[in-house]
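S.K.: Sequence:
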Amino acid sequence: MNILIVGAGFTGVQLAKRLIDEKNNVTLIDNDPETVRHAANRLDCTVLEADGNNLETLEECGIAKADALVAVSGNDEVNMITCSLVDAVYPRPVKIARVRNYAYYINTAAAAKHHAETFSGKHRPLYGIDYMIHPDVEAAEAIVKAVEHGAVSEVVSFEDSKYELTRLRIEKDSPLDGLELKNIRTLIDFKCVVVFLETESGAILPSGDTVLKEGNFIGVLAAKENLSKVLTLCGTQVDLIKRIGLVGAGRIGTIVADRLIERRKASPIARLFGLGKKSIAQDFVIIDNDDGLCKEASERFPDAKVFCGNITDESFIEEEKLNELNLLICTMHNHELNMVVCAYLESMGIKKTIALVTSSAFSQISAKLGVDVSVPLQDAVVDSILSHLHGKSVTGIHTVCSGEYEIVECDLSAFSKFMGKALKDIASPGEYLLLLVKKNGSEHYELPQGDTKLEIGDHLILIEKAGEKKLLEKFSGLK
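Using this note's numbering, you'd call the opening residue of the sequence shown number -5 and step up by one each time.
Among the hints, a few may not be true.
Unchecked claim - Only pairs whose alpha carbons sit at most 35 Å apart, straight line, appear in this in silico DSBU-like list of lysine-lysine:
(1) K236 <-> K223
(2) K386 <-> K362
(3) K218 <-> K459
Source of the hints: derived by calculation from the structure; they are not laboratory data.
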């Protein structure tokens, strides 16, 4: 594919790197000389110093023949205008805009829905934007999902599926310590798959002969109702979460608070809290050192306790008994400080912590500091963008194992090389693993067997080495 990226900041560079690894032709545009120099030194692609919202510049870069335009500059308006400008002249390329303004995101989504209903699908997308990505929403949803699972791990959920992929550490005295993977059936009475194994030397797709050891991290695919059994198997104890502290009342923190406080008895979070119809807000604490943000938080969440203070001040922590919280979530703009604060508060008595970090590279550092769950902001954004760049056959991409592997959701097309073949005939141990199959016409995902035959329209979920475009092409049939 030929892809133009406007904005050579962290997200633009990471996206370009992933696309280059997949053998795509990438052109990166930015008007800041230093940013361009930095990107050019890191990437094997064309990096141009120019204004990305200039049509003449885009035409020189080949927008007429491009497959996609991705606008991820630091300016929301520039991103939106660039997509609109291109759509007016070159409607064929897929146009993706990242916006950070939550009001833009919500209002545009509502307007786009009304626009689609009014014109019955026969129309150009609103503002010429095919897909609008909001990084804060992506990160906030990941944090809420982690809270729902007791803040014990990172979780990948799949739409309309009872199965989830949970990353867990094998603790001391776990029955898995020293076990050959092929013998795991002797310990369980439910279906599950150990999808990946992470050690200090890296990540692999394990085989039956793989020996599990204390300190290893494993990805376990199992039905949601069996999560407690999976945790017990790994030696992990889930404590009842009654009080949550949220550090950072900015955009992401506000979205997280919105999601958590509004949950009631019917939600997994409320059950985790042991609450009835009582709002979670009564056990919810928001901390920030900005007077303006604290005032806004107090008005928006009147039932929550809002403290304006320095979370690194030990006397403040002890005075407000913040060290007695069951869970601390750090969503400050300073991602390094998020990790440090989580580690510091854990040393003072908090049992569970979740930290917003920049990327998966920081997740490893965060884990070594003792942080329970790290949510990499940029990875969530890049994954979301990539999900829209692989054609309609690919509906989702999730990075795992610090970016070494990808979970891919895709449809099997009539052009797939695997169409009509049984799984045992196309298996390639260590290269990829087919995790779930939703047969064409079915509403449920199932764990595939060796004799499962793949047919047109089947929806597949698989794990593969990151950047393995050729393997994905074999399933989707697209190039």
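S.K.: None of the hints should be skipped; say for each whether it holds.
M.R.: Results for each hint:
no.	hint	verdict
1	K236 <-> K223	holds (22 Å)
2	K386 <-> K362	violated (39 Å)
3	K218 <-> K459	holds (25 Å)
Checked against the numbered hints listed earlier, the structure breaks hint 2 alone; every other hint is satisfied.
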